[in-house]
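The whole structure should be built from the sequences, with the hints applied where relevant.
If you read the sequences in order, they're chains A and B. Going by the UniProt record's numbering, the first residue of the first sequence is number 1, and it counts up by one from there. Going by the UniProt record's numbering, the first residue of the second sequence is number 1, and it counts up by one from there.
What the hints contain is simulated information worked out from the structure, not anything from laboratory work. Predicted model only: the values in this text are computed from it and were never measured. Be a bit skeptical, because a hint or two may be false.
Examples of chain A residues lying across from chain B (beta carbon under 10 Å, computed) [said to hold, decoys possible]:
#1 14
#2 35
#3 42
#4 45
#5 53
#6 93
#7 113
#8 127
#9 159
#10 242
#11 246
#12 257
#13 262
#14 263
#15 280
#16 282
Below 25 Å or equal to it, Euclidean Cα-Cα: the simulated SDA-like pairs (lysine to any residue) are [to be verified]:
#17 119(B) - 27(A)
#18 14(A) - 62(B)
#19 149(A) - 129(A)
#20 49(A) - 146(B)
#21 14(A) - 124(B)
#22 119(B) - 31(A)
#23 149(A) - 51(B)
#24 118(B) - 52(A)
#25 149(A) - 62(B)
#26 118(B) - 49(A)
#27 149(A) - 245(B)
#28 118(B) - 10(A)
#29 14(A) - 189(B)
To list a few chain B residues with every Cβ distance to chain A over 12 Å, as calculated [as the list claims (entries may be wrong)]:
#30 43
#31 76
#32 77
#33 212
#34 259
Cβ coordinates follow ideal geometry from the N, Cα and C atoms, glycine included.
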Amino acid sequence: MADAIPLRARLAAKGLDGVTLLVLPAAALLLALFLYPFGYGLWLSFRPKDGSLLGNYARFFSDPFLYDTIFTTLALAVPVTIVNLLFAVPVAFRVRLMRHQRLLTTILVLPITLGTVLVAEGMLNYFGPQGWFTRALVSTGLFNASSIKLVHNYWGVFLSLLITGFPFTFLLTLSYVTGIDPGLEQAAATLGARAAERFRHVFLPLLVPGLAITFCLSFVQAYSVFPSAVLLGAPAGPTRVISIAAYQAAFEEYDYSLASAIAMIMGAVQLVVVVAVLALRNLFYRGPAAGAKG
Amino acid sequence: MTAVTLEAPPAVATGPSGLRSVGSRLWIVAVWSAVIFFIVNLLGIIAAVVTSSFATRWLRSWLPNDYTTRWYLSAWDEFQLHDVLLVTFQIVGAVVLLSGLLGVPAAYAMARRDFPGKKVMMLIFLLPLLVPPVTFGIPLATVLYQSGLGGTMAGVVLANLVPTVPFVILVMIPFIEQIDPRVEAAARVFGAGTFRMFVHVLLPLLMPGVLAALLLVLVRTIAMFELTFLTAGPSSQTLVVALYYAVFAAGVRAVQSIDAMAVVYMVTTLIWLVIALRFVNPTQMVTRSKRQSAH
Numbered sequence: 001m002a003d004a005i006p007l008r009a010r011l012a013a014k015g016l017d018g019v020t021l022l023v024l025p026a027a028a029l030l031l032a033l034f035l036y037p038f039g040y041g042l043w044l045s046f047r048p049k050d051g052s053l054l055g056n057y058a059r060f061f062s063d064p065f066l067y068d069t070i071f072t073t074l075a076l077a078v079p080v081t082i083v084n085l086l087f088a089v090p091v092a093f094r095v096r097l098m099r100h101q102r103l104l105t106t107i108l109v110l111p112i113t114l115g116t117v118l119v120a121e122g123m124l125n126y127f128g129p130q131g132w133f134t135r136a137l138v139s140t141g142l143f144n145a146s147s148i149k150l151v152h153n154y155w156g157v158f159l160s161l162l163i164t165g166f167p168f169t170f171l172l173t174l175s176y177v178t179g180i181d182p183g184l185e186q187a188a189a190t191l192g193a194r195a196a197e198r199f200r201h202v203f204l205p206l207l208v209p210g211l212a213i214t215f216c217l218s219f220v221q222a223y224s225v226f227p228s229a230v231l232l233g234a235p236a237g238p239t240r241v242i243s244i245a246a247y248q249a250a251f252e253e254y255d256y257s258l259a260s261a262i263a264m265i266m267g268a269v270q271l272v273v274v275v276a277v278l279a280l281r282n283l284f285y286r287g288p289a290a291g292a293k294g
Numbered sequence: 001m002t003a004v005t006l007e008a009p010p011a012v013a014t015g016p017s018g019l020r021s022v023g024s025r026l027w028i029v030a031v032w033s034a035v036i037f038f039i040v041n042l043l044g045i046i047a048a049v050v051t052s053s054f055a056t057r058w059l060r061s062w063l064p065n066d067y068t069t070r071w072y073l074s075a076w077d078e079f080q081l082h083d084v085l086l087v088t089f090q091i092v093g094a095v096v097l098l099s100g101l102l103g104v105p106a107a108y109a110m111a112r113r114d115f116p117g118k119k120v121m122m123l124i125f126l127l128p129l130l131v132p133p134v135t136f137g138i139p140l141a142t143v144l145y146q147s148g149l150g151g152t153m154a155g156v157v158l159a160n161l162v163p164t165v166p167f168v169i170l171v172m173i174p175f176i177e178q179i180d181p182r183v184e185a186a187a188r189v190f191g192a193g194t195f196r197m198f199v200h201v202l203l204p205l206l207m208p209g210v211l212a213a214l215l216l217v218l219v220r221t222i223a224m225f226e227l228t229f230l231t232a233g234p235s236s237q238t239l240v241v242a243l244y245y246a247v248f249a250a251g252v253r254a255v256q257s258i259d260a261m262a263v264v265y266m267v268t269t270l271i272w273l274v275i276a277l278r279f280v281n282p283t284q285m286v287t288r289s290k291r292q293s294a295h
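See the structure below:
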């Protein structure tokens, strides 16, 4: 404090004063309830019941009942995410031209708000053997009632991820699409580019970064599917996803060490896919999509 | 340049338009049919739950034989909905209050100060929103159970704060940034301390943003299944977790009874959603702060 400039003023010059301290309670909460559990889980995963260092990981990757869950989950999450994205882009391009988007976006926010559990219960009614959807298919005469099985299998979970995942993907895509300056499209049209060309050469390059982020967020959601895989799938077999394995280890076997290891593997797979997609993104154009003057 | 702009529009408007417009019209029809098909099925799913909850007997027909409200009474008793609703509102209320108290001041510091380590702090606030709840919920539940908080209401509230506090921070930062700092400087010139300035100057200005953020937290917490499911015990279940257990044990109770409970859950969520939508754009529920920061 003997300095010419008091400590308080020097800290304030660096942006540290009473106001900055307001961030501390929230930071402490996340340190204690997010970062610490992650670190503790990682540490715990290397302390299996048998006392070895890598026992959990060795068990996971040698037991097909456990390691197959990675591929089961990928086989659900990747196709669903791609379908959602392929469907979301053209719809977002039409909706962007609409004046009254609010009704549509409000309807689409419903499944996100109501959540997977309610959608699962509704789907059991609607897509079940006596449900309206099945009845409608049978009444067209093209399908046999016994050949339609849409719940308690792979397709039940797939459809539920489509119904809760599409609105999420679409609303994200829409916010990226509407962020592109319409002047760029008008310029391309003025220069004689047709709709398909405008999409291919103007919009797509500008959209790729946003679509990569959308893909990552949608994929991560789909990859951690839990309630609908249990309620609408066949949780003992074809839709035994990785979160079911982690849940069973923790709450049925009470082996928190193995559960933590599975959660870490789950996080790692998500990270690998996200990093791969973002690395691909870097091969494309990155820059302002709003368009600047001059 | 003028030559191009003058010549080009006819090439777009006419030219091969006879063929192209049929193709593009077909494309537009296809896109809208897909959207309508999606929405019809979505509304069908919801309508099926509501119809079933009022049905006396609904087998092998398009519509139930007759309608009744008795399933609501039986669901109210069977699933102890009175207790479940009470627990739900206590947990949700605590989460909303605490995430406001922790999130808004933190957002203020993040919006107004540039301090060393701010980027790392931002990353810490972003991660709980990007990492799905099941992934961090299992280590979190382990820590809570080992510290004796697992299965209690306090544990459920703490677990739910992990995504909601960062959510409030990220929604509030752009909102605070658009308030002129000179308003605060004026308050300080007149001798207000940080606390008085916060209560008398900032809070009234921030109220619309705080309200919107907290309503979204409310809706998200009522519907938050994974974290509550992993940390709740028998006496700290929220409505959505109780609904999961009811659907999971389907066959024990009548389907209509479960559907009546689902309708109670749906109404609880939708009331708040309708209120929230008066203050926020639906896309904001997904894209968080992106739209506001664009201004």
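In ascending order, which of the hints set out earlier in this document are inconsistent with the structure? 5, 15, 16, 18, 24, 26, 30 and 34
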